[in-house]
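Colleague: Listed here are the chains, written in short residue letters.
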Amino acid sequence: MRTSANGNLLEVKDLRTYFETEDGVVKAVDGVSFEVRQGETLGIVGESGSGKSVANLSLMRLIPEPPGKIVSGSIAFRGRDILKLSPREVRAIRGQQIAMIFQDPMTSLNPFMRISRQLMEVTQLHLGHSKQQAREHAIRMLEVVGIPDAEARLESYPHEFSGGMRQRVMIAMALSCQPELLIADEPTTALDVTIQAQILELIKRLKGETGASVILVTHDLGVVAGMTDHIIVMYAGKVFEQAPTSELFEQPGNPYTRGLLRSVPDPAAEQGKLYQIPGQPPDLARLPSGCPFAPRCERVQEICRREFPPFVQLTSEHYSLCHFADEVYAESQRAA
Amino acid sequence: MENEANNLISIRDLKVHFPLARSAWFGGSQSIVKAVDGASLDIRAGETLGLVGESGCGKSTLGRAILRLIEPTSGQVLFRGHDLASLSNRAMREHRRHLQIIFQDPYASLNPRMTVGQIVGEPIETFRLAGGEAKKKRVQELLEMVGLSARFLKRYPHEFSGGQRQRIGIARALAVDPDFIVADEPISALDVSIQAQIMNLLDRLRREKNLTYLFISHDLRAVQHVSDRVAVMYLGKIVELAEAKSIYAQPLMPYTKALISAVPVPDPKVEARRRRIVLEGDVPSPINPPRGCRFHTRCPYAIESCSDVEPALVQIKPNHFAACIRISPEQPDIERVAPGDAPGLRAFSVASIA
Numbered sequence: 417m418r419t420s421a422n423g424n425l426l427e428v429k430d431l432r433t434y435f436e437t438e439d440g441v442v443k444a445v446d447g448v449s450f451e452v453r454q455g456e457t458l459g460i461v462g463e464s465g466s467g468k469s470v471a472n473l474s475l476m477r478l479i480p481e482p483p484g485k486i487v488s489g490s491i492a493f494r495g496r497d498i499l500k501l502s503p504r505e506v507r508a509i510r511g512q513q514i515a516m517i518f519q520d521p522m523t524s525l526n527p528f529m530r531i532s533r534q535l536m537e538v539t540q541l542h543l544g545h546s547k548q549q550a551r552e553h554a555i556r557m558l559e560v561v562g563i564p565d566a567e568a569r570l571e572s573y574p575h576e577f578s579g580g581m582r583q584r585v586m587i588a589m590a591l592s593c594q595p596e597l598l599i600a601d602e603p604t605t606a607l608d609v610t611i612q613a614q615i616l617e618l619i620k621r622l623k624g625e626t627g628a629s630v631i632l633v634t635h636d637l638g639v640v641a642g643m644t645d646h647i648i649v650m651y652a653g654k655v656f657e658q659a660p661t662s663e664l665f666e667q668p669g670n671p672y673t674r675g676l677l678r679s680v681p682d683p684a685a686e687q688g689k690l691y692q693i694p695g696q697p698p699d700l701a702r703l704p705s706g707c708p709f710a711p712r713c714e715r716v717q718e719i720c721r722r723e724f725p726p727f728v729q730l731t732s733e734h735y736s737l738c739h740f741a742d743e744v745y746a747e748s749q750r751a752a
Numbered sequence: 157m158e159n160e161a162n163n164l165i166s167i168r169d170l171k172v173h174f175p176l177a178r179s180a181w182f183g184g185s186q187s188i189v190k191a192v193d194g195a196s197l198d199i200r201a202g203e204t205l206g207l208v209g210e211s212g213c214g215k216s217t218l219g220r221a222i223l224r225l226i227e228p229t230s231g232q233v234l235f236r237g238h239d240l241a242s243l244s245n246r247a248m249r250e251h252r253r254h255l256q257i258i259f260q261d262p263y264a265s266l267n268p269r270m271t272v273g274q275i276v277g278e279p280i281e282t283f284r285l286a287g288g289e290a291k292k293k294r295v296q297e298l299l300e301m302v303g304l305s306a307r308f309l310k311r312y313p314h315e316f317s318g319g320q321r322q323r324i325g326i327a328r329a330l331a332v333d334p335d336f337i338v339a340d341e342p343i344s345a346l347d348v349s350i351q352a353q354i355m356n357l358l359d360r361l362r363r364e365k366n367l368t369y370l371f372i373s374h375d376l377r378a379v380q381h382v383s384d385r386v387a388v389m390y391l392g393k394i395v396e397l398a399e400a401k402s403i404y405a406q407p408l409m410p411y412t413k414a415l416i417s418a419v420p421v422p423d424p425k426v427e428a429r430r431r432r433i434v435l436e437g438d439v440p441s442p443i444n445p446p447r448g449c450r451f452h453t454r455c456p457y458a459i460e461s462c463s464d465v466e467p468a469l470v471q472i473k474p475n476h477f478a479a480c481i482r483i484s485p486e487q488p489d490i491e492r493v494a495p496g497d498a499p500g501l502r503a504f505s506v507a508s509i510a
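If you read the sequences in order, they're chains A and B.
Throughout the first sequence, residue numbering follows this note's numbering, covering 417 to 752 in sequence.
Throughout the second sequence, residue numbering follows this note's numbering, covering 157 to 510 in sequence.
No wet-lab data here; the hints were simulated from the structure.
Mixed in with the good hints there might be a few duds.
[Unchecked claim] Output of the computed footprint for chain A on chain B, the stretches with three or more beta carbons under 8 Å from beta carbons of chain A: (1) 353-365; (2) 371-382; (3) 403-417.
[To be verified] From the structure, some residues in chain A lie toward chain B, with a derived Cβ separation under 10 Å: (4) Gln454; (5) Met643; (6) Leu703.
[As the list claims (entries may be wrong)] Chain A is faced by these chain B residues, among others (derived, beta-carbon under 10 Å): (7) Glu210; (8) Phe316; (9) Gln320; (10) Val348; (11) Ser349; (12) Val426; (13) Glu427.
Every value quoted in this text rests on a predicted model; they were computed, and no experiment measured them.
Even glycine gets a Cβ: it sits at the ideal position worked out from N, Cα and C.
Please model the entire structure based on the sequences and the hints provided.
Modeller: Spelled out as structure tokens, the structure:
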């Protein structure tokens, strides 16, 4: 398998995806860079309006245009820039080498088609399977994702499955062509916690078996803690912090990340007042000058309201977008 | 069950059944969804009782049946000794002043054509609590109480973010000075950073206004944080009830154990070590719930009699109740009983995550 010289399967550089709206230009993704290594799982964490989903739709070139537009940047997948490919070449990659699963399976399953046809279509198109091969492959995929009685269930319609089972069907479809990169956008948000545990286990197991890389997009810090190798935290279309998972949780270098971590109830801690980040998530059409998090930041200084913060390198793989990144990092160390 | 005098609300064998349309073919028999099927619960004055369970377990239906927003099929709901379930509609309307609800979806539960002032003022008018200037002043006071500026009075719901809308919903519930509030998934639709704000607000208001909450949520971390006691529901029944601390530290019933073990913890070190009980399959349909213990179809410890005997909610440890025939005060630890041997049960995996 070809990757770029440094072992990265995917390299996103300075990605900017903007939307024209009535309120003006919304910079949903504004200068985002990250890498995904072969076989690793990258977590992308953010609240609504952080740009996490738009970033992933950009990777697949699925931004509706207009109103959206990828204004600049590069997305190198195995060394080729996806943004420079023809629509036909992108279609060949999409679904075969890069697959995506969403929060709501019904957005990617056709309610009027039996799942047999939906699953078979993928491998007939991308792998050139004959009908018979595609059918056998579809049954095997349903078995892989743990759908009991796969052969019989193959002729069902999506609505005949429960939410968790539908999510499994979607995963089966996404993994049909053994993609090298699986993008999972809030794959368990609509599910109950016991079903969420099943699906996360499944993604983990399949990743181990196929060696695929995964991008896991979520707002739930608990989910990324157990599933990822690296994490990027997004806010207002920017990467606010980027670090190996254990380091991000142990020693965050950004006040926003630290606030998010502290505002999750800790089962081991005493009850009482929970730490809260004040204010509202940002309105992307009306971002303040300076740091976009400044209006909500507990340690805001004069400079934060005036100047956009630098992306400070804290350790070899740990970066934070903050005027006071070093101080925050040192404080987290003392607190730990 | 316990000291009656402390109970603000007592629910006794409450059932809420929804008949489904009769199948047209073969003169099909009537199907009934047993959303709540014999639930009993006491809610003490001044406490927050958390109610957790997976979707379809009946927790929201139970909350609404207490306020008779959904009519109970049978059973009692005692509020300060009055049986709400037997009141006439008119008498119930009077009682509603004391019993309020906050909904999950702050987008759907506010009338988009009414201003914030009208929304929060409406219950004050309905119960004729104040008029004119006094009413206006009261509305301003309520908005400030929930952390909204009084200058928002003339704005419409669409001008607010999700968290602000939830604050409007809370102000509306507080307008009539209630004693009891059903908070039905009040933070589920909100961003992580906003969830903490709303939890803190609800907790502060409870202390200041001497309120009692039924806090319904599928978010176990949130429920543990806000609750004094927690009740766990499965397919229309309460299956475990205990103080928040003990239910999380030492869950008794196998379902509660699985539920708590499934919650992801935001700490990579804990996640790496943790043993997770992965339940097989989905929650069965409440139309034909399994006989006996409703959890027996997914329970790793089920034995043959679990599919026959319906377990009662009994005290296993002090103030800790569970509905499971395999544990008892003498043997409270399910992990020390032999694993299930019921014939015909599906195989279960207790996966350990290394």
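Colleague: Minimum Cβ distance from Leu703 of chain A to chain B below 10 Å?
Modeller: violated (15 Å)
Colleague: Just to be careful: measuring from the Cβ of Glu210 of chain B to every Cβ in chain A, is the smallest value less than 10 Å?
Modeller: holds (4 Å)
Colleague: Would the hint on Ser349 of chain B stand, with a C-beta cut-off of 10 Å toward chain A?
Modeller: holds (4 Å)
Colleague: With a C-beta cutoff of 8 Å, work out whether three or more residues of the stretch 371-382 of chain B approach chain A closely enough for the coverage to hold.
Modeller: holds (count 7)
Colleague: The hint names Gln320 of chain B as touching chain A; please verify it with the least Cβ-Cβ distance against 10 Å.
Modeller: Holds, because the Cβ-Cβ distance from Gln320 of chain B to chain A comes to roughly 7 Å (cut-off 10 Å).
Colleague: Is the hint on Gln454 of chain A kept, meaning its closest Cβ partner in chain B is under 10 Å away?
Modeller: Violated, because the Cβ-Cβ distance from Gln454 of chain A to chain B comes to roughly 21 Å (cut-off 10 Å).
Colleague: Was the hint right that Phe316 of chain B lines chain A, CB cutoff 10 Å?
Modeller: holds (9 Å)
Colleague: Can you verify the interface hint for Glu427 of chain B: is its Cβ closer than 10 Å to any Cβ in chain A?
Modeller: Check passed: Cβ of Glu427 of chain B comes within 3 Å of chain A, closer than 10 Å.
Colleague: Minimum Cβ distance from Val426 of chain B to chain A below 10 Å?
Modeller: Holds - the Cβ of Val426 of chain B comes within 10 Å of chain A, reaching about 8 Å at its closest.
Colleague: In terms of beta carbon proximity below 8 Å, does the stretch 403-417 of chain B have 3 or more residues touching chain A?
Modeller: holds (count 4)
Colleague: If you count the residues of the stretch 353-365 of chain B with a beta-carbon closer than 8 Å to a beta-carbon of chain A, do you get 3 or more?
Modeller: holds (count 4)
Colleague: For the hint on Met643 of chain A, just tell me whether its beta-carbon gets within less than 10 Å of chain B.
Modeller: holds (8 Å)
Of the hints listed earlier, those the structure fails to meet are numbers 4 and 6, in rising order.
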